[in-house]
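J.: 75 is the number of the first residue of the sequence shown in the numbering used here; add one for each residue after it.
Mixed in with the good hints, there may be bad ones.
[What the hints assert, rightly or not] Dumping the calculated DSBU-like pairs for lysine-lysine here, alpha-carbon to alpha-carbon at most 35 Å: (1) K135 <-> K245; (2) K554 <-> K460; (3) K245 <-> K256; (4) K256 <-> K135; (5) K329 <-> K460; (6) K245 <-> K349.
[Stated by the list, open to error] For each label pair, taking beta carbons as the anchor points, the in silico distance ranges come out as: (7) Q347 <-> L397: 22 to 32 Å; (8) F553 <-> N618: 29 to 39 Å; (9) A603 <-> T404: 36 to 46 Å; (10) F412 <-> T602: 29 to 39 Å; (11) K135 <-> Q347: 36 to 46 Å; (12) E591 <-> R564: 28 to 38 Å; (13) N583 <-> A307: 41 to 51 Å; (14) Q394 <-> A638: 45 to 55 Å; (15) E615 <-> S411: 24 to 34 Å; (16) A419 <-> T602: 51 to 61 Å; (17) A622 <-> T123: 23 to 33 Å; (18) K554 <-> A307: 29 to 39 Å; (19) A536 <-> R416: 28 to 38 Å; (20) A307 <-> L139: 28 to 38 Å.
No wet-lab data here; the hints were simulated from the structure. We put the CB at the ideal spot given by N, CA and C, even for glycine.
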Amino acid sequence: MTFLGELRVQARQENLRLISHFVHGVGQRLALSDRALFDLELAIEEAATNIIHHAYPGERKGHLLISASETGDFVQVTLTDWGLPLDPTKVKPFDINAPVEARIKGGMGLHFIHALMDSVERTTSAEPGQPNTLKLVKLIERAEAGQSAMSPVQELNAMRSVSEVMTSNIKLDDLLNLILSKLVSTINAERGTLYLVDEEHGELWSRVLLQDTGPLSEIRLKIGEGIAGHVAATGAVLNIPDAYADPRFNPQFDKVSGFHTRTILTAPMLNPQQKVIGVVQLLNKKDGDFTFRDERLLTAMAAQAAISIENTRLYQQEIQQQLINRELETAHSIQASFLPDRIPALAGWDIGALWCPIRSVAGDFYDFHALADGRVGVVIADVSGKGIPAALFMALSVTVLRYGMSINLPPEEVLRHANEMIISEQRSRMFATTFVGYLDPDSGEMLFACGGHNPPLWYHAATGAVDYVTAQGVAVGIFKEAEFIPARLRLEPSDIFVLYTDGITEVLNSEEEEFGEDRLEALIRQHTALPAQELADRILETINDFAAEQELSDDATLVIVKRAGGGE
């Protein structure tokens, strides 16, 4: 028996790294193959973890002693603890067919230890404080002669250098080149390629090509085609010792580039959602075949490359979103400029208005227009749809409505003219419900026409009654021959006339109830003494309270016209 080494540590989770270094030292001394070293390291880590959690539970402290020796063709590692003894017979047998949750609780760790080792021998003491030992024996499988083993330090340096650059402001292409160069040099390959997935075309394309590839400036492969395409389709690592013996290999690339491919190692780049976003491929290890340790390092650094790509994409999306937000802010400013910059100040009248788009831009609008004869045009409209399309249609609608009022057309002719213009000029099949009224400040008379808009509410101060004002007409932009029939009313002192869009009355609460006209009517009756603008603000506040945690789903616009009382 040849003694190889001994390590004594506190039985704590953070010391698993020291244990790993110890095992790697044993592996290097014995020149173990990557597969044998991986099995030994995994079994020892699992055994040490069990001791940490079960021999020294809770706040209990103690030591773990690990010793290694070579006995003939076998390596023996003994783990000794002085904690609570483990009785394997009390551990639920491992069932490979059970659900994952049950397997985790059912002796999966012990199963792995026995599966990875050639022999497992446990000796437990009768009481705590006495030594418990676990002997793990593994057949020594040495690395092939002439094959240079990569040290853990090399792996760590490669990972660290890439991690450090990932946190800098390096461009993505430079970062991916660095990652691929590190992989090629660390794993000792002749050439490497980094592919990204082109989802639109269902292809892989070579984002980074190292070394001269002759006339090949870019490689494109269908997902599932060739070695790289197969890895992209399956998400599995492929280690091919003889490229020309694998039917998935396409020798045409060698013919075009003049390169001769012997061995291939290919790994997927998986994002945090485990979706394949690319593939890293190395060709021709210089000192033999690619090893299992090469597979592990390539997989780890491919994961780093995936994180870098995803972070860059997120950053680019953020920049793009900032540009969009700035454009929407500009669009909001432009659209707001279509609204009146001031509310008319008329002797004996109090007028208030508000415009609340749910997005940066909206389809709702209101307008006031001073007519040549002293009357004031009052307009409210609600364009079908939301967002940018509705905002563009709103701009068209405002323009044609204002033109009709500017040439002194009566309300019904303003709507008829707007209807004809909109139908002839637009192909979007959008429309707008519209109300146009001409208010005479002296008499209180309003001549109006309605294009399918929500009936305004008319509060009669003398009786406390509320009427819904209607006039015949359909939404503007639907029927070319649509007719709009005018109507008249007279607002008396202290009467209130409320124009609104359905973003006010169709607000939903958590019970899927609409705010509705009845609540709006009751709210107006309750606050008749408020000035017009304060009443508009109170209505908006109330519908927001009504919606509570529910988001408003439509633009909301209000115009309130209130005639002063006889004594005001």
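J.: Against each hint, give a clear statement of whether it holds in the structure.
T.: Comparing the hints with the structure gives:
A threshold of 35 Å between alpha carbons decides the hint, and for K135 with K245 the separation of about 48 Å lies outside it, so the pair is violated. Between the alpha carbons of K554 and K460 the distance comes to roughly 24 Å, so the proposed pair stays at or under 35 Å and holds. Straight-line distance between C-alpha atoms of K245 and K256 comes to about 17 Å, which keeps the hinted pair within the 35 Å bound. Between the alpha carbons of K256 and K135 the distance comes to roughly 42 Å, so the proposed pair goes past 35 Å and is violated.
Distance hint between K329 and K460 is unfulfilled; the C-alpha atoms sit about 57 Å from each other, more than 35 Å. Taking the CA atoms of K245 and K349, the gap is near 23 Å; set against the 35 Å cutoff, the hint holds. A hinted range of 22 to 32 Å for the beta carbons of Q347 and L397 is consistent with their spacing of about 26 Å. Between F553 and N618 the beta carbons are some 36 Å apart, a value that agrees with the proposed interval 29 to 39 Å.
Distance hint for A603 and T404: a CB-CB separation of about 40 Å, consistent with the stated range 36 to 46 Å. As the Cβ distance of F412 to T602 is approximately 31 Å, the hint placing it in 29 to 39 Å holds. Judged by the Cβ atoms, the range 36 to 46 Å given for K135 and Q347 holds: they are separated by roughly 40 Å. For E591 paired with R564, a C-beta distance near 23 Å fails the hint of 28 to 38 Å.
The hinted range of 41 to 51 Å is satisfied by N583 and A307, whose Cβ atoms lie roughly 49 Å apart. Take Q394 and A638: their Cβ atoms lie about 52 Å apart, and the range 45 to 55 Å holds. A hinted range of 24 to 34 Å for the beta carbons of E615 and S411 is consistent with their spacing of about 26 Å. One distance hint, 51 to 61 Å for the beta-carbon pair A419 and T602, is violated here, with the actual separation near 21 Å.
A622 and T123 have their C-beta atoms about 49 Å apart, which leaves the hinted 23 to 33 Å range violated. For the pair K554 and A307, the supplied restraint of 29 to 39 Å is violated, since their beta-carbon distance comes to about 55 Å. One distance hint, 28 to 38 Å for the beta-carbon pair A536 and R416, holds here, with the actual separation near 31 Å. Taken as a hint, the range 28 to 38 Å is violated for the pair A307 and L139, whose Cβ atoms sit roughly 48 Å apart.
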